Amino acid sequence: MQIWSPLYRPSIWSFRTSIGNREVGMDMWQVTTLAARIQESLLNQDFVRAGIFLGGGLAATVAAVSLLGLVLVYAERKVAAHFQCRLGPMRVGWHGVLQPIADGIKLFLKEDIIPTEADRLLFVLAPFFCILGMFLAILVLPVSPEIQIIDLDMGVIFLAAVSGFGVFGVLLGGWSSNNKWSMLGAMRAAAQIVSYEVSLTLALLVVVMFSGSLKMSEIIQSQAAGWWIWRAHGVGLVAFLVYVIASVAELNRAPFDLSEGESELTGGFHTEYSGLRFGLFFLAEFINMVLASAFAATFFLGGWMPFHLGDWQAFNAVMDRIPPLLWFVGKTSFMVFLFMWFRWTFPRLRVDQLMALEWKFLLPVSLVNLLVGAAVVLSGFYFFS
Amino acid sequence: MAVAMSTVFFYLLGALALFFATIVVGSKRIFRGAVALMAVLAATAGFYFLLGAEFLAGIQLLVYVGGVVVLIVFVVMLTGSLGLMEDTPSFGRQVVAGLGALNFFLPVFGVLQFSALPEISHEAVALPGADVIGELLLNFGKSGYVMAFELISVLLLVALIGGLVIARKGGQRREEPT
Chain V
35 MQIWSPLYRP SIWSFRTSIG NREVGMDMWQ VTTLAARIQE SLLNQDFVRA GIFLGGGLAA
95 TVAAVSLLGL VLVYAERKVA AHFQCRLGPM RVGWHGVLQP IADGIKLFLK EDIIPTEADR
155 LLFVLAPFFC ILGMFLAILV LPVSPEIQII DLDMGVIFLA AVSGFGVFGV LLGGWSSNNK
215 WSMLGAMRAA AQIVSYEVSL TLALLVVVMF SGSLKMSEII QSQAAGWWIW RAHGVGLVAF
275 LVYVIASVAE LNRAPFDLSE GESELTGGFH TEYSGLRFGL FFLAEFINMV LASAFAATFF
335 LGGWMPFHLG DWQAFNAVMD RIPPLLWFVG KTSFMVFLFM WFRWTFPRLR VDQLMALEWK
395 FLLPVSLVNL LVGAAVVLSG FYFFS
Chain L
426 MAVAMSTVFF YLLGALALFF ATIVVGSKRI FRGAVALMAV LAATAGFYFL LGAEFLAGIQ
486 LLVYVGGVVV LIVFVVMLTG SLGLMEDTPS FGRQVVAGLG ALNFFLPVFG VLQFSALPEI
546 SHEAVALPGA DVIGELLLNF GKSGYVMAFE LISVLLLVAL IGGLVIARKG GQRREEPT
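Protein sequences appear in the order of chains V and L.
Residues in the first sequence are numbered from 35 upward in steps of one, following the numbering used here.
Residues in the second sequence are numbered from 426 upward in steps of one, following the numbering used here.
Simulated from the structure, these hints should not be mistaken for laboratory data.
These numbers were taken from a predicted model, which means no experiment stands behind them.
Hints are not guaranteed to be accurate.
In silico contact screen, one side only, chain V against chain L (beta carbon under 8 Å); selected entries [unchecked claim]: (1) D187; (2) M188; (3) F192; (4) A195; (5) V196; (6) S197; (7) L205; (8) W209; (9) L218; (10) M221.
Beta-carbon label-pair distances, calculated as ranges [as the list claims (entries may be wrong)]: (11) A446(L) to A390(V): 39 to 45 Å; (12) V583(L) to K394(V): 17 to 23 Å; (13) G90(V) to E544(L): 35 to 41 Å; (14) G535(L) to A409(V): 52 to 58 Å.
Idealized CB from N, CA, C, for every residue including glycine.
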């Protein structure tokens, strides 16, 4: 029986020096992924190097996720506080920078409660589904030309596919708690996520159409001349707005936080969770916010691509000096700030308003937008072409 | 090395799929069955990936894990509570079900056992990417599938409208008595 492993097929994770037959001009970036590095080491029979890459990549991912969790908890509390003319955490460390660590220790030390009437196995499993969905999405995240784990040919489809695990975790957590608030929260969350996924995918499809690829690195490379948000006469902008609204809804964040509206449902699907398991749900939620921001940056704001203005040579040269990693972090941080800003700006929607917004407004808008986008692609009528 | 590794992955995935499939059938709690079903479908996606059909693997995850299983879970949540258990089927039913399963298993096993299937290496079958699949789906003529594509679209549209009609009727009936 001959079955062969995808790890050894050069076409998936091959090095790319140019982006095929597309004319992009300007600069070409060489994308090297972790998988490509491991593959290269294995081909050279250098197992130690491959092991180091594998272990290092794993450790770095886990470390980055935990660190990001801490930073985001602090950022959220500070941003929220300043929007409300408060100071936020100030006591632990300088301006309260050590507060998230204190919070983390508190979460670790809390008693881990499982309700007696709950389905124990599924109750324990639920947070891990959320974490699994999160880590799977990180797999295709292009942080910089040097930092990406796998550059799948089916990157966008993979991304859309793994978001299902997150929904599953929420549903599982809510149902297995055997608590009506949890159950209602989970139902609301899942209905909301499944509905808004439609608009989200349609918005992404517009970018896939523009760049003619499902591969993350190629989508970024196609934005060398200009980011998709403004290159296509407003189509990109509409797609971006739809993406942002839909992803706020998908993250279950305010103003779409019906699934955990504390005044109606105490805590939504994680009412019965405490201690570390609650922490895992929370971590997944925060990291998913970063991921949504990062993919918004990737699809619409050029990812790690520097900002270029037409043929202003001097300006472009200065922008090229800034490393891609910094561009990525800057764009992602801006998007994260935007999500936090939303939370303290808009009041929470009602359930019927939520569904009406998606099915009666966002979906028609994104469908029409897709059609207009197709016309733009067929006529090749871009800015900075 | 490559072959050895993929063989290991194949048997690993196969064992996982079989294990979870028995849970799907055997578990008395419907919800756990649904969770195990998700694992089976994800393992199937793993097989596709192992065979180099990444597009199919992605679609498998997207449609089955993200769509079908979530729908099943939704239905279970709407209908039952945590205590919902399946009844133990009667002996006659078990026999009939066993015969049905054998009816499927024996022909498949027999065909696989007694026929020489060609061994196809991955060089021989170049699996197309999404762009090729897209072009084939929208091509007409000998190598295109636009007819099938359109028929499926119409079928889905009919199902969608049907769903809407059923949902609307339920709403009206509830309003009438008040």
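Going through the hints against the structure:
A cut of 8 Å between beta carbons decides the hint on D187(V): the least distance to chain L is about 6 Å, and the hint holds. Given hint, M188(V) at the interface with chain L, holds; its Cβ is 4 Å from that chain's nearest Cβ, closer than 8 Å. Evaluation of the F192(V) hint against chain L yields a held restraint, the C-beta minimum of about 5 Å falling below 8 Å. Interface restraint check: A195(V) against chain L, minimum CB-CB distance 4 Å, threshold 8 Å, status holds.
At a threshold of 8 Å, the smallest CB-CB gap from V196(V) to chain L is about 7 Å, leaving the interface hint in force. With a least beta-carbon distance of about 7 Å to chain L, the hint placing S197(V) at the interface is held under the 8 Å criterion. Taken as an interface hint, L205(V) checks out: its beta carbon lies about 5 Å from the nearest beta carbon of chain L, inside 8 Å. For W209(V), the shortest C-beta to C-beta distance to chain L is roughly 6 Å, which falls under 8 Å, so the interface hint holds.
Here the hint on L218(V) is broken, as its CB sits about 10 Å from the closest CB of chain L, past 8 Å. A least Cβ separation of about 6 Å between M221(V) and chain L falls short of the 8 Å threshold, and the interface hint therefore holds. Range check, A446(L) to A390(V): Cβ separation about 41 Å, and the 39 to 45 Å hint holds. As the Cβ distance of V583(L) to K394(V) is approximately 22 Å, the hint placing it in 17 to 23 Å holds.
Between G90(V) and E544(L) the beta carbon distance is about 38 Å. The supplied range of 35 to 41 Å therefore holds. A hinted range of 52 to 58 Å for the beta carbons of G535(L) and A409(V) is consistent with their spacing of about 55 Å.
In summary, the structure is inconsistent with hint 9 from the numbered list given earlier, while agreeing with all the others.
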